[in-house]
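Chains as they are written, first to last, in this note's numbering: chain A, 1 to 348; chain B, 1 to 348; chain C, 1 to 331; chain D, 1 to 331.
Hints are computed from structural coordinates only; laboratory data are not their basis.
With beta-carbon atoms standing in for the labels, derived distance ranges: (1) THR2/C - LEU190/A: 51 to 59 Å; (2) PRO305/D - MET3/A: 37 to 45 Å; (3) GLY4/D - ASP190/C: 39 to 47 Å; (4) GLU282/D - ASN307/A: 44 to 52 Å; (5) ASP190/C - TRP300/D: 49 to 57 Å; (6) ASN307/A - PRO185/B: 46 to 54 Å.
Even glycine gets a Cβ: it sits at the ideal position worked out from N, Cα and C.
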Amino acid sequence: MTMLRYRAALNEALREELERDPRVFLIGEDLREPWGGTFRVTQNLSTEFGDERVLNTPISENGFLGVALGCAITGLRPVVEFMHMDFAMMAMDQMTNQVPKIRYMTGGQVSVPLVVRTPGGGYKSSAAQHGQCLEAMFAHLPGWLIAAPSTPADAKGLLKTAIRLDDPVLFMEHKHIYMLNGEVPESEHLVPFGVADVKRAGTDVTIVAWSKMVHFALEAAETLAGEGISAEVIDLRTLVPWDEAAVLESVHKTGRLVIVQEPPERAGFGAEVAAVVAAKGFGDLRTGIIRVAGRNVPLPMAPHLENLVLPQVSWVTDAVRAAVRGADVRRANVRGADVPASSVEVPA
Amino acid sequence: MTMLRYRAALNEALREELERDPRVFLIGEDLREPWGGTFRVTQNLSTEFGDERVLNTPISENGFLGVALGCAITGLRPVVEFMHMDFAMMAMDQMTNQVPKIRYMTGGQVSVPLVVRTPGGGYKSSAAQHGQCLEAMFAHLPGWLIAAPSTPADAKGLLKTAIRLDDPVLFMEHKHIYMLNGEVPESEHLVPFGVADVKRAGTDVTIVAWSKMVHFALEAAETLAGEGISAEVIDLRTLVPWDEAAVLESVHKTGRLVIVQEPPERAGFGAEVAAVVAAKGFGDLRTGIIRVAGRNVPLPMAPHLENLVLPQVSWVTDAVRAAVRGADVRRANVRGADVPASSVEVPA
Amino acid sequence: MTLGRSEFLAAYETMRRIREFEESLLRLHGQAKVPGFVHVSVWQEAVSAGVGMHLRPEDQILTTHRGHGDIIAKGVAIEGMYAELLARLGGYCGGKGGSMHVTDVSHGVLGANGIVGANMPIAAGVALSKKMRGEPGVVVAFIGDGALMNGSTHETLNMASLWQLPLLIVRVDNQYAESTAARYYSGIPDVLVYVESYGVDAIAADGNDVDAVSEAASRAIARVRAGSGPGFLQCRTYRRYGHNTADPGAYRPPEEVEAWKQRDPLIVARASAAAHGASEPELDEIDARVMRHIEEAISWAEAQPEAPAASAFTDLYADPATIAAFGGTLR
Amino acid sequence: MTLGRSEFLAAYETMRRIREFEESLLRLHGQAKVPGFVHVSVWQEAVSAGVGMHLRPEDQILTTHRGHGDIIAKGVAIEGMYAELLARLGGYCGGKGGSMHVTDVSHGVLGANGIVGANMPIAAGVALSKKMRGEPGVVVAFIGDGALMNGSTHETLNMASLWQLPLLIVRVDNQYAESTAARYYSGIPDVLVYVESYGVDAIAADGNDVDAVSEAASRAIARVRAGSGPGFLQCRTYRRYGHNTADPGAYRPPEEVEAWKQRDPLIVARASAAAHGASEPELDEIDARVMRHIEEAISWAEAQPEAPAASAFTDLYADPATIAAFGGTLR
Ligand SMILES: Cc1ncc(C[n+]2csc(CCOP(=O)(O)OP(=O)(O)O)c2C)c(N)n1
Ligand SMILES: Cc1ncc(C[n+]2csc(CCOP(=O)(O)OP(=O)(O)O)c2C)c(N)n1
Ligand SMILES: [Mg+2]
Ligand SMILES: [Mg+2]
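Isolated chain A, as found in the complex (with noise of 0.2 Å):
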């Protein structure tokens, strides 16, 4: 174990990657030295790798995600930059209409170890075109597989499984917790895909989480529990696939589920997860299901005007308290005055 930062964990990933095999590469904007990334992520990469391994693009979003699956079908490992998530927007058809779909269009002829790494995330008074977390569009696109990981040594982990698998993964990171500090397990460090991380046990309610969130819900269970609240922090850790099982298993305990996410309410992956468990888990539940969730509006510049319009401790800490206190589920009525309710969006 060593005390890494979330970014330098990412590094060490690449570097260990990139050093075990040959195939792997590393695209995007300003990966090379003496930038090495917008957030410095590539850092030292280039230099120790040489500039073959760590391409430098134009600001051709699309051209060269594309360029990146054209390698990836003949045999190279890309691991492709978005500076910002935002961006990937521009490459939206490769995202959408060629990366996912290729492998099942041919009937298996080609294969895409392919990865996009970007970050989300708000929080940074950076307004709407950088911060958003837009993960809930490419989990509705059959063939991602998505990681969302909230701390160094899952960063690390993941990014390792992720860049070994041989299938296309949207890797987003969070410009938030860049700096955020972990210890991390040296070297061969491989996280799995869906498997659920329980970062904290409990027996009242369960808060399922991913990428900062965990830490807002870790946050909030500390300061439950002093309440005599025991609230079970679940995080995803992968998105797709995602691990039903725990959550359920969790759910089948507590009887009650809080879900937060960073972005809007609406369609978020939250939803999915609501889905999932008013489904499978309807029978376990003892109240409703709340989603702690953005604001259905773009991200504000102004830090005041941001924090309220993205999630905060204390609308998560406030909604276990009402799932908690919604004893009688008839018209359960859990989006009560002390709810923020995300999904209001016009105020006169």
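Use these hints to put chains B, C and D with the ligands onto chain A, whose structure you have.
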């Protein structure tokens, strides 16, 4: 009332609005005569209103949507066509980062009276890049309004409303029902956004659907009536905003909810409906919420394979039977063997 | 006139094979045996044949919705293509791809594509991959004339020039994008000048004359093969039918269609037979042989069982660990 | 040297205002008063001023993440800009936009943009709208050098040429896209040749000499204004600081930065003062006036209350019917 096909109803709406408001114009690929659009929705309009009102574009989706946006914020009212919804992905930067955000980002200095008409829909053996229904992606992006009419009358009435609204509307047509005939009110027929249509009243189970799936729901309801099961069919008509109240009211009455969506189940819009009902309508539910949806794979070309991947009427009837049988809500296990397990995706 | 006798006969045979394949598809589609919609390349065969004859097994192509001819000219068996289009067992993509996605990796066909423009950057990547892995060969991306206007063209030409990729773009300029004639979609006065402005070598050839295409393609391909950077070949031609099986093509003046009919590449080739040292009866014999082959291939394909139902749920993921993860077992 | 005395003084003042505005942002950002990240245009002021001085109220601009200078040169009040960047009441976008989205429709500023390349097609649309509505005026899209490589450039140049739009693209070529020098991102040997290949008129000017920019811009804008179709103006320049407030700019050789320091457009302008009939003391006085204005504007903005909380939830939708629909009441 006149009998019109779905596509003729759309054509009539366009004609009436072009006539009514000189700021309205059409822009897209191959809209002009003697072609009139790949699905002939814009037939004769360039002849009637001139090429100045019906613009043919290069195959530059991102570019011409940007052009339409520039027009919309300076006093015109463009109606854009993307020939197939899949191609909207080529324009996804404008669809995500520009069109739905520009009003908010500028503090309301501009409005965006822009409609994007585009047909989704499979069942036509057109394979993975010509049949996606991608409404869920856009529902997750605050700023868009979304309509998905199922009948000629709604097609006309919603399109006329869409063109008159000062906000951007994603108007999802459906290829497979362009030739559907139905009664359409003449001239000033305006259908409001956010108001569902109860297409069939019932007491045992609520079926929620939109676009083509409404017809499957109605067919299933008819069959089920013969078995003594009374299904209420709700056509959402618009997804953003969607008529939560109508669905909650129905579920309050029936206690059971089946949601039918065409595209892949995971993170589709059906999940949003499920999540809202699992929160606000939880106390009314007698059994788990069932989603009937496309399987989580791309569309295969072969018709017999496509029919294994896309929802069928029998899937709806099976799901409803399972819901009605599911009296014991404890561990309801609603995905019994006879219900299509639409999330199974990689069999041996 | 640059083709020798045997090359000419081979090119003629390829063109005839493409022609009959395409015409047969129209029939089969009319009989509701080929589902979906189909874009045929009748009258454009000289481009496919003239380029394809210079490609080697290690070369790779990526083509468009109208790519059957390019694929056949690369040596792919029509049996597997029919099976694919008829959704039978033995189809190249298991019936999942169909007309717009025919792929045969073993013959260097890395796919047709249903999205206009999308094949170009992928082809650039295949070329980059060759370069990075030190493998020989040329990558050819076929595009339509209308595709040139998509942003992908710009991004691809720039990267191909910047990285000096072994990529040849062949623009099959049939003068229309669906119903839209070039003057309504293009503001570029001269495509060759445009392409040259990227430092990409660009030449043009008469797309209805297989001699001309072959001559230009052989130069362009040799240049790319020699490592002299990317190239571009513009071939003006015309399509006989509408855009696809749903289009009567009413937007084209009948005189225009009539004029191009005279320039049918098979007619042009036949007219030049003697000059190539070939005789009419030889060509007739080729025609007959091709017709037999076509009929046999169709019969064979129609005799195959449907693509198996299970295949609807295979081939999405490759990695056993992925598949296991979806199944609940994880490594 | 083409500017008259008073034009020269006005241009100098605009450049000085931009300079001090930008430098003040770096201070305010350093003091954590300006949130987010900020891209400044120091040493690029001659482009903003030289173009802006030829624009009229009916003309409209769309700019980039590095657009403060272009916006100031179009006549927008720095008070509202400060308020916006400091997230105060009175900010042009209610604090929702910030640095990358400053917009002032009343002065013809239809927005900066955080997505590289995205402003070009929108600008083309604004130009088309002018043409369709028969309104006078020119639309200017400012882009960076790196933006040229995005597919949007191609699609926009083509449509602008095809539809003969009153659009001028001004490329502010500071020779880097973030850390990436042009030789690593561009395969295009000569940008003017590239642009001309669309039939779009393209000229270049020394971007650090406001006389040169003004001269070229006046020609280019006059051409577009006269309805002779779209134009393109390429201005080579250099940015003083790193890409944004998070970048020290270590990828640039110090000698290179040093060399460009000599070409600071304010230094260049001052050296030409006498030739314009202006004196050093006059320029000193302008400097002092600008400094006072900047300080007053900052004080004013800092004295404003925060943008109101409610504004987080306004301005998403315009139509009363839409808003009502979300509220549950429907017309
Ligand atoms: C991105 C995208 N936009 C639109 C289409 C619909 N479409 C299919 S083919 C075609 C015309 C293509 O014209 P061209 O490139 O000249 O090829 P051709 O059909 O003439 O061979 C169009 C618009 C598409 N498939 N992809
Ligand atoms: C589509 C997109 N890709 C990447 C970025 C990140 N980014 C912001 S500015 C920039 C460099 C732009 O370079 P250039 O056009 O030369 O403008 P400059 O910053 O030099 O003014 C990049 C890559 C972005 N904002 N949008
Ligand atoms: Mg064409
Ligand atoms: Mg630059």
